[in-house]
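So the chains spell out like this:
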Amino acid sequence: MSAHELKSGPLEYRTQEGQMSILGFWIFLAAEVVLFSTLFATYAVLFGRTADAPVPGELFEPGIVLVMTFLLLTSSFTCGIAIHHMRRGSVKGLMTWLIITLILGLGFLGFEIYEFVHYSHEGATLQSSAFWSAFYTLAGTHGVHVTLGIGWAVLLLIQLAKRGLTPVTSRKVFIISLYWHFLDVIWIFIFTSVYLIGMVV
Amino acid sequence: MAEHSKRFPINHIIGFVLSIVLTLLAAWAALGSDLPVKWIIAGIMTLAVIQAGIQLFMFMHMTERESGGGHVPWNMMFHGFVLAAIIVAGSLFTMSFGFTHDHDDGGSHQQEEQQEEHSGH
Numbered sequence: 001m002s003a004h005e006l007k008s009g010p011l012e013y014r015t016q017e018g019q020m021s022i023l024g025f026w027i028f029l030a031a032e033v034v035l036f037s038t039l040f041a042t043y044a045v046l047f048g049r050t051a052d053a054p055v056p057g058e059l060f061e062p063g064i065v066l067v068m069t070f071l072l073l074t075s076s077f078t079c080g081i082a083i084h085h086m087r088r089g090s091v092k093g094l095m096t097w098l099i100i101t102l103i104l105g106l107g108f109l110g111f112e113i114y115e116f117v118h119y120s121h122e123g124a125t126l127q128s129s130a131f132w133s134a135f136y137t138l139a140g141t142h143g144v145h146v147t148l149g150i151g152w153a154v155l156l157l158i159q160l161a162k163r164g165l166t167p168v169t170s171r172k173v174f175i176i177s178l179y180w181h182f183l184d185v186i187w188i189f190i191f192t193s194v195y196l197i198g199m200v201v
Numbered sequence: 001m002a003e004h005s006k007r008f009p010i011n012h013i014i015g016f017v018l019s020i021v022l023t024l025l026a027a028w029a030a031l032g033s034d035l036p037v038k039w040i041i042a043g044i045m046t047l048a049v050i051q052a053g054i055q056l057f058m059f060m061h062m063t064e065r066e067s068g069g070g071h072v073p074w075n076m077m078f079h080g081f082v083l084a085a086i087i088v089a090g091s092l093f094t095m096s097f098g099f100t101h102d103h104d105d106g107g108s109h110q111q112e113e114q115q116e117e118h119s120g121h
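Protein chains in written order, with this note's numbering: chain D, 1 to 201; chain W, 1 to 121.
Hints were generated in silico from the structure; no laboratory data involved. Bear in mind the structure is a predicted one, so any value in this text is a computation, not a measurement. We put the CB at the ideal spot given by N, CA and C, even for glycine.
Here's a subset of chain W near chain D, in silico, CB distances under 7 Å, partners left out:
1) GLN51
2) ALA52
3) GLU66
4) PRO73
5) MET76
6) ILE87
7) VAL88
Some chain D residues flagged as far from chain W (calculated, every beta-carbon gap over 10 Å):
8) LEU102
9) HIS121
10) LYS162
Covered by chain W, according to a simulated footprint, are these stretches of chain D (three or more residues, beta-carbon under 8 Å):
11) 8 to 14
12) 27 to 41
13) 69 to 79
14) 175 to 184
15) 188 to 200
Same shape as in the complex, but just chain W:
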């Protein structure tokens, strides 16, 4: 990877254009399209993950040889995000009770079924 000797930072420009396009796409999906809410949420979360990948791989030099071929950064980010997913999904799973949302779809996107428990609160 002779990135640092290139005159023109082509990787950065591709990454930048891609992230702008993905942001606009996500904004359009959320605000301009009339897809079902669940599809919108799944779609824009996927776009967010792709954008995070662009930042990590195209901007943060994650895979360059000097950082051990990206071995350490990749490990750190991978385990960080696995923990993050467990914390977010686990919290939603354990904490979504005794509350019915007034909106048509539950606010929590990971929530598949509405729990209708009438625990007195």
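Next up, chain D with everything else stripped away, as it sits in the complex:
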């Protein structure tokens, strides 16, 4: 392992701007951790305060939640594979795996929307109790992040198709991969502390 010059190594780290952008994105992710922690805290404090609305144990279904979790876990994996292809210089591989990632992400969103609609038909809406307000805010904020990520990635795919792999596009793709993996980190905690604990307690 020799010392990396800026002529070798991953494309996205070769320019000072690329390195700084990636550093800046880590700062953004730290802020996101804190943002979500406030929502988790609100949810934890309001846990059980369902008033007259159904309790979570009645509505949460293990099947659909596990499917959503596997969709998102797999999309995080395929996103990692996409970056693997990017680092080997394969635009085609990168775009293929990125599209697979997006399809899985869309599947996740579809299930989440179905889930929210289903719950609201059962009488658990944003307005029905403190607990459900906290639930929809937490899960919904994550869902909005996934939606934004999908839109962002579609724009990047267009740019990749037009420009190919440059230090700029590879930096952008690397950053969205960080974002996408990060959404999976948040989802793991939602899956565990919202759904699993909601079904246990």
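Put chain W on the given structure of chain D with help from the hints.
Only chain W this time, still in chain D's reference frame:
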């Protein structure tokens, strides 16, 4: 770390398999086992932290040399999660009053003792 020159992304595959296994384990612990609720909660939260670690270290290239050996990402995530823990635990600590859960164990997992304060609300 010559990860990017490898033909086969072995790290990703190990990470993926591990996270699937850990998810199934957590789901089994929560839904299939008959452990005490407190143990289940402690166990699945631990599994979640391990899974988050897998994402960060195996998928997010946190420790690769180009990102300064992971110095900056590690700092950011560490401090982010410390703040998150303070916010969640602190909120539970200060806000859990005047409410008795109808379930056998309080919903808040960090809560060790049930507070039985009859503050009029």
